[in-house]
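Colleague: Sequences listed follow chains A and B, in order. Heads up, the first sequence is in our numbering, so the first residue is 1 and it goes up one at a time. Heads up, the second sequence is in our numbering, so the first residue is 1 and it goes up one at a time.
Please note: incorrect hints may appear among the correct ones.
[Said to hold, decoys possible] If you want a taste of the chain A side facing chain B, the calculated C-beta under 7 Å gives, among others:
| no. | residue |
| --- | --- |
| 1 | Ala19 |
| 2 | Val93 |
| 3 | Val109 |
| 4 | Leu116 |
[Unchecked claim] If you want the ones that stay clear, here's a sample from chain A, every Cβ over 12 Å from chain B, calculated:
| no. | residue |
| --- | --- |
| 5 | Val23 |
| 6 | Gly40 |
| 7 | Arg55 |
| 8 | Ala70 |
| 9 | Gly74 |
| 10 | Gly100 |
| 11 | Trp138 |
Worth flagging that the hints you see were computed from the coordinates, not collected in a lab. Ideal placement from N, C-alpha and C gives every residue a C-beta, glycine not left out.
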Amino acid sequence: MPNETGILPTETRVPISSAADIVTARQRGRALALKLGFEGPDVTVIAAAISEVSRNIVEYAKAGEIVLRAENHGAKQGLCVVAADQGPGIPDVAQAMQYGYSTRHGLGVGLPGAKLLMDEFDIVSKVGQGTMVTMKKWLH
Amino acid sequence: MRVPILKQRDCLIASIQSVLSDEDLIGLRDDLAAQVGRYRSRGVIIDVTVLDVIDSFATRTLRAIAHMLKLRGAETVIVGIQPDVAFTMVQLGLTLEGVGTALDLEEGLAYLEERQSKRDYRHAK
Numbered sequence: 001m002p003n004e005t006g007i008l009p010t011e012t013r014v015p016i017s018s019a020a021d022i023v024t025a026r027q028r029g030r031a032l033a034l035k036l037g038f039e040g041p042d043v044t045v046i047a048a049a050i051s052e053v054s055r056n057i058v059e060y061a062k063a064g065e066i067v068l069r070a071e072n073h074g075a076k077q078g079l080c081v082v083a084a085d086q087g088p089g090i091p092d093v094a095q096a097m098q099y100g101y102s103t104r105h106g107l108g109v110g111l112p113g114a115k116l117l118m119d120e121f122d123i124v125s126k127v128g129q130g131t132m133v134t135m136k137k138w139l140h
Numbered sequence: 001m002r003v004p005i006l007k008q009r010d011c012l013i014a015s016i017q018s019v020l021s022d023e024d025l026i027g028l029r030d031d032l033a034a035q036v037g038r039y040r041s042r043g044v045i046i047d048v049t050v051l052d053v054i055d056s057f058a059t060r061t062l063r064a065i066a067h068m069l070k071l072r073g074a075e076t077v078i079v080g081i082q083p084d085v086a087f088t089m090v091q092l093g094l095t096l097e098g099v100g101t102a103l104d105l106e107e108g109l110a111y112l113e114e115r116q117s118k119r120d121y122r123h124a125k
């Protein structure tokens with residue numbers, strides 16, 4: 001949402017602690033993507049990736065935050081999503097990133113799915129401290 | 001938000017009106033499982049036209065709904081998956097295996113009618 005000066009705010013923060021927050025996060029993500037000039041399936045792809053990482057927060061960490069911001073790298077412009085929590089952390093990140101692997105009764109699509117959807121994906125997790133996923137989509 | 005479910009002859013039509021949270025989808029599952037019994041429905045249409053995202057949870061729940069209703073004797077058809085949503089589901093490797101799909105409500109009704117007449121034909125033989 002433009003502020004008084006009409007300039008895009010640098011970032012939007014969405015606290016995540018319930019299923020309703022997942023919906024809010026992906027709607028904000030969709031709105032930001034449209035503002036940044038993303039079109040067609042890219043907007044839906046970004047919203048779906050936000051949905052997957054937000055659900056991971058609710059399911060495993062109970063609470064956390066999604067930060068959405070415009071991202072510039074040289075001539076490249078895009079959107080960056082950070083999903084952070086202070087939950088239990090992931091003991092085996094490589095395993096968690098395997099498509100179809102789930103410690104619960106999920107499809108095991110969440111994190112690896114989000115990685116498939118975005119252009120860049122990075123995950124840092126420490127047991128007992130939490131997890132941070134940073135993912136980006138560039139405007140083509 | 002509760003999804004309204006309309007009864008049309010021996011079909012139920014669940015017409016999703018707004019974006020759904022995980023709990024809403026679970027509510028839809030439970031409502032449909034109950035109503036198929038109450039109205040002795042043979043077919044169920046779930047119209048997802050307004051859904052802007054069908055992620056892994058939504059896919060898993062839609063699949064579960066269809067399989068549950070099948071066990072209750074009703075055929076499910078999902079209608080109205082938007083092109084961008086379909087694209088994203090393919091990127092995510094999500095499928096609705098074993099679940100009927102059709103372009104829109106009209107095609108969904110035709111799909112169920114066709115299924116129904118095949119079933120009646122088999123029974124008549």
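Colleague: With reference to the structure, classify each hint as holding or not holding.
Modeller: Here is how each hint holds up against the structure:
1. Ala19: Holds. Min distance 4 Å.
2. Val93: violated, 19 Å
3. Val109: holds, 4 Å
4. Leu116: holds, 6 Å
5. Val23: Non-interface label fails for A/Val23: nearest chain B Cβ at 5 Å, not farther than 12 Å.
6. Gly40: violated, 6 Å
7. Arg55: Label violated. Min Cβ-Cβ 6 Å, cutoff 12 Å.
8. Ala70: holds, 21 Å
9. Gly74: holds, 26 Å
10. Gly100: Since the minimum Cβ distance to chain B is about 9 Å, A/Gly100 lies within 12 Å and the statement is violated.
11. Trp138: With a cut-off of 12 Å, A/Trp138 remains clear of chain B, as the shortest Cβ separation is near 16 Å.
Checked against the numbered hints listed earlier, the structure breaks hints 2, 5, 6, 7, 10; every other hint is satisfied.
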